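One-letter residues, chain by chain:
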Amino acid sequence: RKEVEQDPGPFNVPEGATVAFNCTYSNSASQSFFWYRQDCRKEPKLLMSVYSSGNEDGRFTAQLNRASQYISLLIRDSKLSDSATYLCVVPRVDSSYKLIFGSGTRLLVRP
Amino acid sequence: EAGVVQSPRYKIIEKKQPVAFWCNPISGHNTLYWYRQNLGQGPELLIRYENEEAVDDSQLPKDRFSAERLKGVDSTLKIQPAELGDSAVYLCASSVTSGTYNEQFFGPGTRLTVL
Chain A
1 RKEVEQDPGP FNVPEGATVA FNCTYSNSAS QSFFWYRQDC RKEPKLLMSV YSSGNEDGRF
61 TAQLNRASQY ISLLIRDSKL SDSATYLCVV PRVDSSYKLI FGSGTRLLVR P
Chain B
1 EAGVVQSPRY KIIEKKQPVA FWCNPISGHN TLYWYRQNLG QGPELLIRYE NEEAVDDSQL
61 PKDRFSAERL KGVDSTLKIQ PAELGDSAVY LCASSVTSGT YNEQFFGPGT RLTVL
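Line by line, the protein sequences are chains A and B. Just so we're aligned: 76 in my numbering is position 76 of the first sequence, and the numbers increase by one with no gaps anywhere. Just so we're aligned: 70 in my numbering is position 70 of the second sequence, and the numbers increase by one with no gaps anywhere.
This is chain A alone, in the form it adopts within the complex (with noise of 0.2 angstroms):
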């Protein structure tokens, strides 16, 4: 089983709609997490960290479920310049601080 693991999409939805993304890890001791975003032909961006059971920014909310072992990244009200790669991000449980990214989920928004 990879370490992280997403479904590579494409997601393509209308703008206003709202859409979700799941991420699957598999070290339960996994403490954070981050979501990038990566535009096309451009480096992978910090968007949103992840360290208790959620976080909210806007219109973009990510939700830990430690249970299940997944990170959930949902986009409420999608806006064209949301289209980009979506990458899931789990750092190892070790002295290495090593950086695990998934293989990204791509979106796209249409008008």
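Hints are computed from structural coordinates only; laboratory data are not their basis. Note that the structure is a prediction, hence the values are computed from the model and not measured. We put the CB at the ideal spot given by N, CA and C, even for glycine. Don't take every hint at face value.
[As the list claims (entries may be wrong)] Label-pair restraints from in silico Cβ distances:
1. Q41(B) / T18(A): 21 to 29 angstroms
2. A67(A) / P81(B): 47 to 55 angstroms
3. Y70(A) / T97(B): 24 to 32 angstroms
4. T97(B) / P14(A): 38 to 46 angstroms
5. A17(A) / S66(B): 42 to 50 angstroms
6. V93(A) / T97(B): 12 to 20 angstroms
7. P81(B) / A17(A): 47 to 55 angstroms
8. E103(B) / N22(A): 19 to 27 angstroms
9. E103(B) / A67(A): 23 to 31 angstroms
10. E103(B) / Y70(A): 19 to 27 angstroms
11. T18(A) / K71(B): 46 to 54 angstroms
[Unchecked claim] Below, in silico cross-link-like pairs of lysine-lysine (DSBU-like), each with a Cα-Cα straight-line distance of 30 angstroms or less:
12. K45(A) / K98(A)
13. K42(A) / K62(B)
14. K71(B) / K98(A)
15. K78(B) / K42(A)
16. K98(A) / K62(B)
17. K98(A) / K78(B)
18. K78(B) / K62(B)
19. K45(A) / K62(B)
20. K78(B) / K2(A)
21. K42(A) / K16(B)
22. K42(A) / K11(B)
23. K62(B) / K2(A)
24. K15(B) / K78(B)
25. K62(B) / K16(B)
26. K11(B) / K98(A)
27. K45(A) / K11(B)
28. K62(B) / K15(B)
29. K45(A) / K71(B)
30. K45(A) / K78(B)
31. K71(B) / K42(A)
32. K15(B) / K42(A)
Based on the hints, put chain B in the right spot on chain A.
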């Protein structure tokens, strides 16, 4: 404040040729990372530096890849000789220090094509 700077942005070479990538991290960031990102995949760590010391190079293919960060600031990643499978985007990132809660800032990457 300037972000992470990388050069070149694009590089096309023939197999068996050498290639080098350069990275200048954000000022004050002690930790520097080199990642490789294949098409449709997330970035994978190649090497991590704490100042000038390589503290995690377990994923660096040492037969052909080398890296250095001599003065604890700029870094160079080299491939010699390049193979077709090395075609990817090579991303440099930096953070204030290492640690789970320290955000990593990525540079724009170098897109390598090996023919």
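**Asked** Any hints this thing doesn't respect? Which numbers, in order?
**Response** Those not satisfied: there are none.
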